[in-house]
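Read off the chains here:
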Amino acid sequence: MNHLLIAPVLIPAILGPLMILWMRHDLLQQRVFGVIGSLLTLAVAVKLSAMAAGGDVYVYRLGNWSAPFGIVLMLDRLSALMLLLTSVLAVIVQLYGIGSGWDRKGWHFHSLWLFQLMGLNGAFLTGDAFNLFVFFEVLLIASYGLMIHGGGPMRLRAGVQYISYNLAGSALFLAALGTLYAVTGTLNMADMAERVAQMPTEDTALLRTGAVLLLLVFAIKAAIVPLHFWLPSTYANAPGPVAALFAIMSKVGVYAIIRFFTLVFPQDSVIETIATDLILPAALITLTLGQIGVLGTRSLARLAAFAAIASIGTLMISVARFDAQGLTAGLYYMIHSTLAGAALFLVVDLIAARRGGDFWLRLRPAIRNTGLVSALFFVAGIAVVGLPPLSGFLGKLMILDATRDDPWMAAIWATILITSLIALVGFGRAGSILFWKSHEMDPEPGNDTDEGQRPQPGPIPTKLETDEPIQDVDDSAAPWLSFTATGMLLAGTVALALFAGPLTRYLQDTADQLTNPQLYYESVLRQQEGSR
Amino acid sequence: MEFLVASAIGATTAAGIYLILRLRTFAVVLGMTMLTYAINAFLFTTGRLVVNMPPILHGHGEVNVADYTDPLPQALVLTAIVISFGMTAVVVMMALGAFIEGGDDHINMPENDRIMPPLKTIDDPKQTEDETA
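If you read the protein sequences in the order shown, they are chains A and B. Just so you know, UniProt numbering puts 213 at position 213 of the first sequence, and the rest follows in order with no gaps. Just so you know, UniProt numbering puts 28 at position 28 of the second sequence, and the rest follows in order with no gaps.
So here's chain A without its partners, still in its complex pose (with noise of 0.2 Å):
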């Protein structure tokens, strides 16, 4: 058993209370200790990279009991490209938090984050469904706290709308979860894999019902129409980090979905081709939906946030064949998709923070550094919507290739291209009005330093311990490393398509695992030496 499999879990689990206990007052503190977390759990999910990267899969027993009966945590290829993925976006966007000043507009920030981050690797790590349910919660409360993080009425109201909305989601995955415990009486996974694998056709009924139970929890969280509906009005109200690290989030929900219907319900199990079925069209509309919205929308907070809805649509359509061309892309277009889609928030954070916070998408005139922000905004469009050279495009390119043989493969191209035009259109009319046409504007005499001292009109700042106004994001702290986080994700979209090679191959033995059940019974039940 190695114990640095629990770490990513334990480290944030540790280090987010001592920042509450110790150094509640002290930001400079609860900065350095955040972003020390945050690194030490991105190093520990590089150790575990390498590891899963030789193809066993790991498996961790909590208190060394053996598998059906104690709570197992299990590293594969797939849960460890996961981890990384976070605490890759974690990291950078952390930094982009300290460095837009959102973290001294409300309190425990970085706890938060480091909570955040504890559900979420341990929701990517866990082999047990009731686990599973565990660090979803842990890391919905954790992002509870970030969304209305800073406060304001219409964050809280948007809040107040995540927080009912989650928690229908959540009685339904307690509802899921014990249906599939009646039939099965187990809740490790993979001894619910074996089970329903062995189970006779005609007493079922209540095992798919169960089935889809799930299918609709883990679509709540990715925002899978029609279950998305709780996705716009978070996003668009949420603060710009936070926006950006929920990019990870609704990947959770596609994690899970993969995780269950390759580990547990296989296409070749009885509940047969279900999941495809009900995935394929929903997420066609799911990407359909998205793109209108782009285009559609006046405020540039829910352009983003329809955006990753659109990005949720692509990634379901190659998600949901569930074969390992499929995976494989879908994997690809997931990990772009979570960069670019975060890099998206922070620069329409940056844009809202430079117009005095304001998101709609009106004429006002240019803002500072506006040709460095509408140039960061231009290659993050370009990574969203999908255009050579960045990954974007790689990875519709995929998708298509994996759809070719498809029975629904026109309607998938059409659908996946029309779209992406769609949403050219969208981006291309929103630049044009935040960056073009306010150049057509006199600029307000003094207006910067005017801004520099007026309070944020959505948000209400609240203080931290000093009594001194909280000025306008920008000024407030220091830009070059808003910069420079904004940068390093649009960078790592960059890094995606230059190494889409090595990286594609990586995902094809990922995918090749995933539809091998045999080896995750192999190692979670049979070799199990030394358990009690």
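Source of the hints: derived by calculation from the structure; they are not laboratory data. For each residue, glycine too, the CB sits at the ideal point set by N, CA and C. Heads up, some of the hints might be wrong.
What the hints assert, rightly or not - Quick list of simulated restraints, FRET-style, between CB atoms:
{"#": "1", "chain 1": "A", "residue 1": "L363", "chain 2": "B", "residue 2": "I81", "range": "52 to 60 Å"}
{"#": "2", "chain 1": "A", "residue 1": "I418", "chain 2": "B", "residue 2": "V92", "range": "39 to 47 Å"}
{"#": "3", "chain 1": "A", "residue 1": "K47", "chain 2": "B", "residue 2": "M93", "range": "34 to 42 Å"}
{"#": "4", "chain 1": "B", "residue 1": "A8", "chain 2": "A", "residue 2": "L40", "range": "44 to 52 Å"}
{"#": "5", "chain 1": "B", "residue 1": "A8", "chain 2": "A", "residue 2": "T273", "range": "31 to 39 Å"}
{"#": "6", "chain 1": "B", "residue 1": "E2", "chain 2": "A", "residue 2": "G501", "range": "52 to 60 Å"}
Assemble chain B onto chain A, guided by the hints.
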């Protein structure tokens, strides 16, 4: 007994869902509570209903599984109760915060979430707040 428990769970769930669909936060919180009660009772029944049986093994020697009730759902229910209780507290606090800051207890987002306010109002936080109220 099965029929009684099942119909009780069904009725509570139905009431919970009805209340969740209301547009005021109080009703929604109440509905959420009823829904979690129903789910907890449901989880409890997933180990099959047995009366007067201990969940924990006692004594040595031969164990007859029929003499025990399934302990796992009880542990699950305990976890679920703790989580749902905490979550209800969180949603109550959030609803209170939204009520105090936003001025009313509607679940729906106010109009200025959808409709672009004229430039003047967005630069003047006071006016925006008045409109929300």
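Against the structure, the hints:
{"no.": "1", "hint": "A:L363 to B:I81: 52 to 60 Å", "verdict": "54 Å, holds"}
{"no.": "2", "hint": "A:I418 to B:V92: 39 to 47 Å", "verdict": "45 Å, holds"}
{"no.": "3", "hint": "A:K47 to B:M93: 34 to 42 Å", "verdict": "39 Å, holds"}
{"no.": "4", "hint": "B:A8 to A:L40: 44 to 52 Å", "verdict": "49 Å, holds"}
{"no.": "5", "hint": "B:A8 to A:T273: 31 to 39 Å", "verdict": "36 Å, holds"}
{"no.": "6", "hint": "B:E2 to A:G501: 52 to 60 Å", "verdict": "59 Å, holds"}
In summary, this structure violates none of the numbered hints.
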